[in-house]
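Participant: Chain residues, written in single-letter form:
Number of protein chains: 2
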Amino acid sequence: MEFKKLLEQQSEEAFKKYIPTLSIDCVIFSFHENSLQVLTVKMKDQDAWGLPGGYVKKEENVDDAAVRILKDRTGTENIYLQQFYTFGNLKRSESAFEAYDDGIWNKQRFVSIGYYALAEHSQVKLVIDEYSSVVEWKSIADLPAFMMDHSTIFDKALLTLREQLNNHPIGYNLLPAKFTMPEIQKLYEAILGKKLNRGNFYRKILRYDILTKLEESRKGGAHKAPDLYRFDLEKYNSALKEGLKGSW
Amino acid sequence: MEFKKLLEQQSEEAFKKYIPTLSIDCVIFSFHENSLQVLTVKMKDQDAWGLPGGYVKKEENVDDAAVRILKDRTGTENIYLQQFYTFGNLKRSESAFEAYDDGIWNKQRFVSIGYYALAEHSQVKLVIDEYSSVVEWKSIADLPAFMMDHSTIFDKALLTLREQLNNHPIGYNLLPAKFTMPEIQKLYEAILGKKLNRGNFYRKILRYDILTKLEESRKGGAHKAPDLYRFDLEKYNSALKEGLKGSW
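First to last, the sequence lines map onto chains A and B.
Its first residue numbered 7, the first sequence is counted upward by one per residue in the numbering used here.
Its first residue numbered 7, the second sequence is counted upward by one per residue in the numbering used here.
It should be emphasised that the hints constitute simulated quantities derived from the structure, not laboratory data.
Where is the CB? At the ideal position from N, CA and C, for every residue including glycine.
Incorrect hints may have been included.
Below, simulated PhoX-like cross-link-like pairs (lysine-lysine); rule was C-alpha separation at most 20 Å, straight line [as the list claims (entries may be wrong)]:
(1) B:Lys230 x B:Lys219
(2) A:Lys113 x B:Lys63
(3) B:Lys22 x A:Lys113
(4) B:Lys162 x A:Lys247
(5) A:Lys210 x B:Lys210
(6) B:Lys210 x A:Lys22
(7) B:Lys97 x A:Lys63
(8) B:Lys251 x A:Lys200
(9) B:Lys64 x B:Lys113
(10) B:Lys210 x B:Lys241
(11) A:Lys64 x B:Lys97
(12) A:Lys247 x B:Lys247
(13) B:Lys162 x A:Lys210
(14) A:Lys97 x B:Lys23
(15) B:Lys48 x B:Lys23
(16) B:Lys241 x A:Lys113
(17) B:Lys210 x A:Lys251
(18) A:Lys251 x B:Lys22
(19) A:Lys201 x B:Lys251
(20) B:Lys63 x A:Lys251
(21) B:Lys64 x B:Lys22
(22) B:Lys64 x A:Lys97
(23) B:Lys97 x A:Lys23
(24) A:Lys64 x B:Lys162
(25) A:Lys113 x A:Lys97
(26) B:Lys201 x A:Lys251
(27) A:Lys200 x B:Lys247
(28) A:Lys97 x B:Lys63
(29) A:Lys162 x B:Lys247
(30) A:Lys63 x B:Lys113
Looking from chain B toward chain A, a few residues come up when the C-beta cut is under 8 Å (computed) [to be verified]:
(31) Pro26
(32) Thr27
(33) Glu65
(34) Glu66
(35) Gly94
(36) Leu96
(37) Asn112
(38) Ile119
(39) Asn173
(40) Leu198
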């Protein structure tokens, strides 16, 4: 039982290094081949999959800890990251470390702060650390069983993302720099988990006034070359702060 | 220095009773005389005002702790309560307990989970506990200086409320059972901190399909008696879960 020994050895150090009671879990989304994907980790010694996470150092802001954990796992800091909810049920991690001593760090009560991240698929380098055996993107349409309350954390992240479609622009970190209307519509559909009417989508997304239509169109293919768009970053960032047009 | 002794005496008990590192702060809103108000507390021994808060017991879910703290402070559980953000900056409470020993409970590092509450003004009984000298509703248009990072916590709660106007119905816990269109418009205006066009407001709020127009109208007054509305609770609750009409 190599892994058990590792956790036991590092337990003492963890008590010294991190603030007690608090952990961080990250729901890292990307958009790839028209599917919304989430980064999952298989921890050594656990059957179920989990979300990547970590702890907060004693001399570290919580937000900085989230950035550090994300960077450790994806090799990049250049990711949209936002806190969305904190999970504090008493028994949320019960059963995860049954075979371990009660005194071990990992078996303490942790309240976990959830962050969701939007990452460009191609920019992420998957990093396997000493605690994990596999790190993998999985389509949200085909998720595995999660350990602890990680499916609750994932569900809440997705719900938050869906609700924020009404307030905030999305896509800059998920789509390529130039994209077609059908491509951004597919992103919205993947997040919402439903088909949208094409005409309504076009009208609504254009009303947000965050897209610039490019002179060029995409070459190749049998059909008429589709129009290309990019985000108007100034308007996009202003809408991130002030809310989308059509909001109250 | 009576208060200092009280905190010192209760410090040891607090270490035994509560989980470390975590506190809860509540932003309790009500709507009274056309103004959005927030419950503020003056802690003995502190010059600035603060938001009511507390800690999480070792055998208690975090959400249950929030309900308990709210009940202790307002005398009622019948309040809409929602977690909105967790505040984890290293120095967020620096300067608040300078005169105290470093070992005292209140001077530890606390990451604070923010909950906002929507309360019916008349139902709230203001409770002064042994730590506070005054508890008061204050109009959000005229707030006092806050201790620690409580103005950041308040700002984030108000921002969350504003954004949620686009996704969720609001008003059931803030308005009387029967209300006029100008009254619900004033609530929206108080939350948004801006005037809204009357015609646009009517159209948009009716499109949400959560209001029922009553047969009766309000008697008295020199002008034509205004129409009265109430929330259709079934549709209201469904919109709380599924989002408002017109959302994505």
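Participant: Next, verify each hint and record whether it holds.
Facilitator: Right, here's what the structure says about each hint:
Taking the CA atoms of Lys230 (chain B) and Lys219 (chain B), the gap is about 16 Å. The hint holds against a cut of 20 Å. Proximity of Lys113 (chain A) to Lys63 (chain B) is assessed by CA-CA distance (about 18 Å); at most 20 Å being required, the pair is judged to hold. About 19 Å separates the Cα atoms of Lys22 (chain B) and Lys113 (chain A), which keeps this hinted pair within 20 Å; it holds. Among the hinted pairs, Lys162 (chain B) with Lys247 (chain A) is consistent with the structure: their alpha-carbon atoms are about 13 Å apart, no more than 20 Å.
For the given pair, Lys210 (chain A) sits about 16 Å from Lys210 (chain B) by alpha-carbon distance, which is consistent with the 20 Å threshold. Straight-line distance between C-alpha atoms of Lys210 (chain B) and Lys22 (chain A) comes to about 55 Å, which puts the hinted pair past the 20 Å bound. About 14 Å separates the Cα atoms of Lys97 (chain B) and Lys63 (chain A), which keeps this hinted pair within 20 Å; it holds. For a cut-off of 20 Å, the pair hint linking Lys251 (chain B) to Lys200 (chain A) stands: about 16 Å separates their Cα positions.
For a cut-off of 20 Å, the pair hint linking Lys64 (chain B) to Lys113 (chain B) stands: about 19 Å separates their Cα positions. Taking the CA atoms of Lys210 (chain B) and Lys241 (chain B), the gap is about 16 Å. The hint holds against a cut of 20 Å. Annotation: proposed proximity of Lys64 (chain A) to Lys97 (chain B) holds, straight-line Cα distance about 12 Å (limit 20 Å). For the hint linking Lys247 (chain A) to Lys247 (chain B), the alpha-carbon distance of about 25 Å lies beyond 20 Å, and the restraint is violated.
Annotation: proposed proximity of Lys162 (chain B) to Lys210 (chain A) is violated, straight-line Cα distance about 28 Å (limit 20 Å). Between Lys97 (chain A) and Lys23 (chain B), the direct Cα distance comes to roughly 18 Å. Compliance with the 20 Å bound is thereby established for this hinted pair. The straight-line distance between the Cα atoms of Lys48 (chain B) and Lys23 (chain B) is roughly 24 Å, outside the 20 Å bound, and the hint therefore fails. Under the criterion of a C-alpha separation no larger than 20 Å, the hint pairing Lys241 (chain B) with Lys113 (chain A) is inconsistent with the structure, at around 43 Å.
Of the supplied pair hints, the one linking Lys210 (chain B) and Lys251 (chain A) holds, its CA atoms being roughly 14 Å apart against a limit of 20 Å. Between Lys251 (chain A) and Lys22 (chain B) the CA atoms are separated by roughly 51 Å; this puts the pair beyond 20 Å, and the hint is violated. As the CA atoms of Lys201 (chain A) and Lys251 (chain B) are separated by approximately 16 Å, the hinted pair is consistent with the 20 Å bound. At roughly 44 Å between alpha-carbon atoms, Lys63 (chain B) and Lys251 (chain A) are farther apart than 20 Å, so this suggested pair is violated.
With a C-alpha separation of about 8 Å, the suggested pair Lys64 (chain B) and Lys22 (chain B) falls inside the 20 Å cut-off, and the hint holds. Using a Cα cut-off of 20 Å, the hinted pair Lys64 (chain B) and Lys97 (chain A) holds, with the two alpha carbons roughly 12 Å apart. Taken as a hint, the Lys97 (chain B) and Lys23 (chain A) pair is honoured in the structure, with Cα atoms around 18 Å apart against an allowance of 20 Å. Between Lys64 (chain A) and Lys162 (chain B), the direct Cα distance comes to roughly 25 Å. Violation of the 20 Å bound is thereby established for this hinted pair.
Only pairs whose Cα atoms come within 20 Å are accepted, and Lys113 (chain A) paired with Lys97 (chain A) is accepted, the gap being roughly 11 Å. A threshold of 20 Å between alpha carbons decides the hint, and for Lys201 (chain B) with Lys251 (chain A) the separation of about 16 Å falls inside it, so the pair holds. Restraint check for Lys200 (chain A) and Lys247 (chain B): the C-alpha separation of about 17 Å stays at or below 20 Å, so the hint holds. Proximity of Lys97 (chain A) to Lys63 (chain B) is assessed by CA-CA distance (about 14 Å); at most 20 Å being required, the pair is judged to hold.
At roughly 13 Å between alpha-carbon atoms, Lys162 (chain A) and Lys247 (chain B) fall within 20 Å of each other, so this suggested pair holds. Of the pairs offered as hints, the one joining Lys63 (chain A) and Lys113 (chain B) holds, with about 18 Å between alpha carbons and a cut-off of 20 Å not exceeded. With its C-beta approaching chain A no nearer than about 5 Å, Pro26 (chain B) sits inside the 8 Å limit, and its interface hint holds. A cut of 8 Å between beta carbons decides the hint on Thr27 (chain B): the least distance to chain A is about 4 Å, and the hint holds.
For the restraint placing Glu65 (chain B) at the interface with chain A, the shortest Cβ-Cβ distance is roughly 7 Å, inside the 8 Å limit, so the hint holds. A least Cβ separation of about 7 Å between Glu66 (chain B) and chain A falls short of the 8 Å threshold, and the interface hint therefore holds. Contact between Gly94 (chain B) and chain A, as hinted, is supported at the beta carbon level, the nearest pair being about 2 Å apart and thus within 8 Å. Evaluation of the Leu96 (chain B) hint against chain A yields a held restraint, the C-beta minimum of about 5 Å falling below 8 Å.
Restraint check, Asn112 (chain B) versus chain A: the minimum CB separation of about 16 Å is more than 8 Å; hint violated. Because the closest C-beta pair between Ile119 (chain B) and chain A is about 5 Å apart, less than 8 Å, the hint holds. At its closest, the beta carbon of Asn173 (chain B) sits 5 Å from a beta carbon of chain A; the interface hint therefore holds under the 8 Å criterion. Interface hint at Leu198 (chain B): satisfied, since its Cβ lies 6 Å from the closest Cβ of chain A, which is below the 8 Å cut-off.
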